[in-house]
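Residue numbers (the numbering used here), protein chains in the order written: chain A, 1 to 337; chain B, 1001 to 1337.
If you're looking for bench data, these hints aren't it; they were derived computationally from the structure. A couple of the hints might just be wrong.
Claimed, not checked - Looking from chain B toward chain A, a few residues come up when the C-beta cut is under 8 angstroms (computed):
{"hint": "1", "residue": "V1092"}
{"hint": "2", "residue": "L1126"}
{"hint": "3", "residue": "P1127"}
{"hint": "4", "residue": "A1243"}
Said to hold, decoys possible - In silico DSSO-like cross-links for lysine-lysine, where the CA-CA straight-line distance does not exceed 30 angstroms:
{"hint": "5", "chain 1": "A", "residue 1": "K157", "chain 2": "A", "residue 2": "K112"}
{"hint": "6", "chain 1": "A", "residue 1": "K303", "chain 2": "B", "residue 2": "K1106"}
{"hint": "7", "chain 1": "A", "residue 1": "K103", "chain 2": "B", "residue 2": "K1112"}
{"hint": "8", "chain 1": "B", "residue 1": "K1254", "chain 2": "A", "residue 2": "K222"}
{"hint": "9", "chain 1": "A", "residue 1": "K103", "chain 2": "B", "residue 2": "K1012"}
{"hint": "10", "chain 1": "A", "residue 1": "K182", "chain 2": "A", "residue 2": "K129"}
{"hint": "11", "chain 1": "B", "residue 1": "K1254", "chain 2": "A", "residue 2": "K323"}
{"hint": "12", "chain 1": "B", "residue 1": "K1112", "chain 2": "A", "residue 2": "K12"}
{"hint": "13", "chain 1": "B", "residue 1": "K1302", "chain 2": "A", "residue 2": "K106"}
{"hint": "14", "chain 1": "B", "residue 1": "K1222", "chain 2": "A", "residue 2": "K254"}
{"hint": "15", "chain 1": "A", "residue 1": "K24", "chain 2": "B", "residue 2": "K1103"}
{"hint": "16", "chain 1": "A", "residue 1": "K112", "chain 2": "B", "residue 2": "K1012"}
{"hint": "17", "chain 1": "B", "residue 1": "K1025", "chain 2": "A", "residue 2": "K106"}
{"hint": "18", "chain 1": "A", "residue 1": "K302", "chain 2": "B", "residue 2": "K1112"}
{"hint": "19", "chain 1": "A", "residue 1": "K112", "chain 2": "B", "residue 2": "K1112"}
{"hint": "20", "chain 1": "A", "residue 1": "K41", "chain 2": "A", "residue 2": "K25"}
{"hint": "21", "chain 1": "B", "residue 1": "K1112", "chain 2": "B", "residue 2": "K1302"}
As the structure is a computational prediction, the values presented were derived from the model and not from experiment. For each residue, glycine too, the CB sits at the ideal point set by N, CA and C.
There are 2 protein chains.
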Amino acid sequence: MTTIRDVAKHAKVSVATVSRVLNKKGYVSKEAEEAVLQAIKELNYQPSSVARSLYHKTSGMIGLLIPDISNPFFPELARAVEDVASTYGYTVVLCNTDEEIEKERKYLQALKQKYVDGVILTTSFLPYKEYEQLNIPMVALDRYVNENIPLVASQNKAGARLATEHLLEQGCQFIAHIRGPKGVTPAEDRYEGFKEVVEEQEVANIVISADFHIDEAQKVTKALLETHPTIDGIFASSDVVAAGAMKAAHMMGKRIPDDLQIVGFDGIPLGNMLVPSLTTVEQPIYDLGAVSTRLLIKQIEKKPLDTYRYEIPTKLVVRETTKGGENSENAEHYRCR
Amino acid sequence: MTTIRDVAKHAKVSVATVSRVLNKKGYVSKEAEEAVLQAIKELNYQPSSVARSLYHKTSGMIGLLIPDISNPFFPELARAVEDVASTYGYTVVLCNTDEEIEKERKYLQALKQKYVDGVILTTSFLPYKEYEQLNIPMVALDRYVNENIPLVASQNKAGARLATEHLLEQGCQFIAHIRGPKGVTPAEDRYEGFKEVVEEQEVANIVISADFHIDEAQKVTKALLETHPTIDGIFASSDVVAAGAMKAAHMMGKRIPDDLQIVGFDGIPLGNMLVPSLTTVEQPIYDLGAVSTRLLIKQIEKKPLDTYRYEIPTKLVVRETTKGGENSENAEHYRCR
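Bound conformation, chain A alone:
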């Protein structure tokens, strides 16, 4: 492989001069610069990006911290981050933290040591001070960290209102909300949206908790429907939870949407694979990832940000688990907020 020494020798200049040309820093005479560029061309020299990293303290890498790539919300997000990063010449280092504080700390330190240029956090359990000390540009995606870290999120509360209003419009009289984990901001916001609507419209309701896993959602829904057989609408905090609720309803012989209507949240491909296909509040998952990455790169390039809080609208996609869409085999109805 051609080294910087070969280039210097060929151009008859010092290694330091080649370095100055490559890094566009310090004085180099016109002749020397031309000789170096010519030598680089003739020898087909490709400067090591590692050497450049060391000099510039940048690496062309972005760290992406997620709880678990096998959770179906994250692959599309990761895809968007990688697409945008790649357009701007960055590569993406994938880190699964399992929501464990020690794993998160370990990854962030490793990323810092590699001169990673920025980090996107979709999971953030450290005290804010630790993020601050790292002194790396950061963006919080989906979950709020601190007012100093820009947040990109869906309009979760407005989306939850859409879902709840749709169930009421379709005639539901006793609605359950299967809420996500407490302390997770998007889950809190969806809960708030649900509560607002059922209180405004004075509808019978019940709220129960389940994490974002299908088996627990199935178990919890089964118990719920056994205790309250008159429940005729469920707003689930995620599509995976909705899929679990559908399995429970199926096991208990409930017909969807005739006996029980269900709305999910997320808009992952799964919803369209289910039979009946799932009515859901679609998050702009790809956009969330893309906007976060552009925002991170803006910070890396030291450009000013217009705002520290980007909220992206969600939309209701009416499919077959609610009555509004059951007659149209393939047509999907959208409402945005």
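Starting from the known structure of chain A, arrange chain B on it as the hints suggest.
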């Protein structure tokens, strides 16, 4: 931040001496070494991993090339690669190639420039020579590249035999195989397994092609069932394709498994979320990723490999889309090959 110069000054030795201690290369006196180690401890100096990269021409990074992380086969695979890599102190750079040759080439060059220690290929469209010239340890996962690159794959053919035999045992008399793209080795192997069984047992059969996307699978299955309404069994080349076939059957009023039995391939979480839940040939997806990563690290560490072809057994998981499992709500039956 503490630099190597601070350490040298504190230990009253030269920067070169500190570097020799850090890199465990060259002669350093016992006293100097102790002084350096003491200074590192007192100043809490963390050597930059980038500086070490430049010296050792390694980066502690592994590249993972996949077609698209949003294809549900890959998240679990990526997760396994990252888990094992992280145990050995490596981070993972994620690259989505979309099966495009230019994207693949661009990524591999970027990875080479970053002194990536090894690469796992699940997609490989370049001529073998280009892989060879990169001179980076590599493992081929799922798809065969060349005899010089170790391959880790499922026993696709044996798995396809299990699926086809199961359909016959459950009484199917006219079986369709929806095969995956030509030239993709796992799809070819599954097709071979299917053909072997239907020829041995002289069963009516038809083979049609579809890529691994749900919409095409649905369309293709609908046309197939319209032309051949007596088809009573489908072996799909992937779970996503099976989900598409189920949607088509549902639209046409076919009862599963009474009128039509369906077996998928992969064992992704989707299969268990469908109603009825999908009988499938389960690949050891996590194991495929984990074994590949260990094999790659063995190569990086210049340890000898026992073999260049690892085939991991698949197993049949009988759920509700075939008659063998319809009566047992939660019990799953396994058969290994």
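Hints, one by one, checked against the model:
1. V1092: holds, 5 angstroms
2. L1126: violated, 18 angstroms
3. P1127: Hint on P1127 (chain B): violated, closest Cβ of chain A at ~19 angstroms, above 8 angstroms.
4. A1243: The hint holds - A1243 (chain B) has a Cβ within 8 angstroms of chain A, the shortest such distance being about 4 angstroms.
5. A:K157 / A:K112: Violated, at about 35 angstroms.
6. A:K303 / B:K1106: OK: K303 (chain A) and K1106 (chain B) at ~28 angstroms, within 30 angstroms.
7. A:K103 / B:K1112: holds, 27 angstroms
8. B:K1254 / A:K222: The hint holds at about 28 angstroms.
9. A:K103 / B:K1012: violated, 37 angstroms
10. A:K182 / A:K129: holds, 23 angstroms
11. B:K1254 / A:K323: Satisfied, since the Cα-Cα distance of roughly 22 angstroms is no more than 30 angstroms.
12. B:K1112 / A:K12: holds, 28 angstroms
13. B:K1302 / A:K106: holds, 27 angstroms
14. B:K1222 / A:K254: holds, 28 angstroms
15. A:K24 / B:K1103: holds, 29 angstroms
16. A:K112 / B:K1012: holds, 28 angstroms
17. B:K1025 / A:K106: holds, 28 angstroms
18. A:K302 / B:K1112: With Cα atoms ~28 angstroms apart, K302 (chain A) and K1112 (chain B) stay inside 30 angstroms; holds.
19. A:K112 / B:K1112: holds, 21 angstroms
20. A:K41 / A:K25: Cα-Cα ~20 angstroms, so holds.
21. B:K1112 / B:K1302: Holds, at about 18 angstroms.
Checked against the numbered hints listed earlier, the structure breaks hints 2, 3, 5, 9; every other hint is satisfied.
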